[in-house]
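**Q** In case you want the letters, here they are:
Number of protein chains: 2
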Amino acid sequence: MKYRIGIDLGGTNIAGGLVDENFKIVAKASVPTVVTEGPEKIVEDISSLCSKLCEDFGLKLSEVASIGIASPGIANHFTGAVEYSCNLPMRKFPISELVSEKTGVSHVFVENDANAAAWGEAVAGAAKGSSNSVMITLGTGVGGGIIIDNKVYSGFNCAGGELGHIVIEHNGRQCGCGRKGCWEAYSSATALINMTKEKIEECKANGRASVMLDAPKVSGRTAFDAMRAGDEAGKEVVDMYLDYLACGLANIINIFQPEIITIGGGVSNEGDSLVEALLPRVRAEQYGGGLVDLTEVKIATLKNDAGIIGGAVLGLNLDK
Amino acid sequence: MKYRIGIDLGGTNIAGGLVDENFKIVAKASVPTVVTEGPEKIVEDISSLCSKLCEDFGLKLSEVASIGIASPGIANHFTGAVEYSCNLPMRKFPISELVSEKTGVSHVFVENDANAAAWGEAVAGAAKGSSNSVMITLGTGVGGGIIIDNKVYSGFNCAGGELGHIVIEHNGRQCGCGRKGCWEAYSSATALINMTKEKIEECKANGRASVMLDAPKVSGRTAFDAMRAGDEAGKEVVDMYLDYLACGLANIINIFQPEIITIGGGVSNEGDSLVEALLPRVRAEQYGGGLVDLTEVKIATLKNDAGIIGGAVLGLNLDK
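From first to last, the protein sequence lines are chains A and B.
According to my numbering, the first sequence is numbered sequentially starting from 1.
According to my numbering, the second sequence is numbered sequentially starting from 1.
Each statement offered as a hint is correct.
Where chains are identical, the list cannot tell them apart; a pair therefore holds if satisfied intra-copy or between any two copies.
Lysine-lysine pairs mimicking DSS-like chemistry, simulated, CA-CA at most 30 Å apart:
| # | residue 1 | residue 2 |
| --- | --- | --- |
| 1 | Lys180 | Lys298 |
| 2 | Lys92 | Lys298 |
| 3 | Lys180 | Lys235 |
| 4 | Lys60 | Lys2 |
| 5 | Lys92 | Lys128 |
| 6 | Lys217 | Lys235 |
These are computed hints drawn from the structure, not numbers from a lab.
Work out the full structure, taking the sequences as your base and the hints as a guide.
**A** As structure tokens, this is what we get:
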């Protein structure tokens, strides 16, 4: 049995997992991300984490086939460097090379976290068996990962796949990236929470009844739960949210016509009912509908392990 | 010297060219497209055109290395069939196979015309030397062609690359595809003409002076010419048009980060001054600007020969 390590490098925690050939995590551990002591400290902590995972499972670090790091920001999979991340103290930092030196594992890879998650879903998750898929992550932002011909696609400079930063409403809501009207500003969990809060304020101002007025804390579930309880205002929020989400998904289909789109991130916890509500709206808008085979839309399955498994399988070439 | 034939199959004319290894058209001819006598008649006319091109140049048809057909609609490059076209009487029609039978040339390929043009620019035009480019055609509609790893990318069903049908204005202007707010509805030559006409009407209604009021016929050049003549209303149209065009181009960069974007179609006749006016707007909106190498934006160079040359080079594998 061959084992690989996947590292989910986040701004708060570094999570690591030892993954077997069946994509099962056989050992798991994490440490807080120390962002104040320079990038070398992060390399040290990743390397120690790798040692610990192997110890816990009873494997020598030298027996690990590869280490793959899923990093926020722009990760250059050609050179193994993190070009830039707003959450980590890294700028053109050769993380793969340094982790390789420190661990003695010769195959160390780095990839943007959303891309790694998409690759994880393609290898071991909801898009398994397809060589051509796109993953959308609906969380704090809207992340994108593109798999073409069994490889992550991110452009000549590794900065592509920013599918959340497609403008869908010209001069619309302000996005964190500086543009106005990005898909992310309408379809992230954050955007859903904002829409829910705005509707609650509107209800208050108009003296309109809604179960959402009693929500102790507004989350991405508040409007969906309210809708399921028969609440009209809740349904209005969900309808608006689904409308923008479907608009962006139809864009993705018109651009890529991937075999499968997988949806991950917090909002995807709504499960298959989310896909059922989305599909008719997407089908009505997509190009060439009815004339060609249709893109499947599925909920991603790797959930919180997407970064670890996505990282671990970076060392895998499905064509070989 | 190896010769290939490129066929630009349009709804009005079938244009063909014999192309040498330096991508020079050494013979050229065309016939009207007969759409009323079924697809077999089109196969016959393409085959006769191929014979004529070879005769004109003094080559045997059997000496031709490949024939490539640039077709409107959804062309399946895996099977060689035109799946569907709204301008041609074809539905799941095995055009490559039939042209091969008729001509005796064993290598016959078919590709969507915008994709073929993008491949032509990548092999022999403004994106030459790059393995990763995107072409945008600003004509009656907005066409898109995506080149990844020296291959046309059009998704698992060959219907992708419909970059004109990315919604950039949710619930915006009606698009011919059925959606509202597509990039095509703002950035095609048709859209530019519509915006110009609307501004002329506005000037008339408000008694505002503009040289555009004297235009004998409104074209895609009217507003640009007026702007160059110092006309304020003309400048307003151009500014609005450039704003939408830049919005869509920044989307393309955020998605693909291609090495090069080439711009073709009627509007591209504005030339390098169009690129100069666009670039600052695009740079201001693109993701990761300043942190990574930047996508070049260039005017396409093959012009009206894009279909012929793009078709001819379909038989070419740059990796070999």
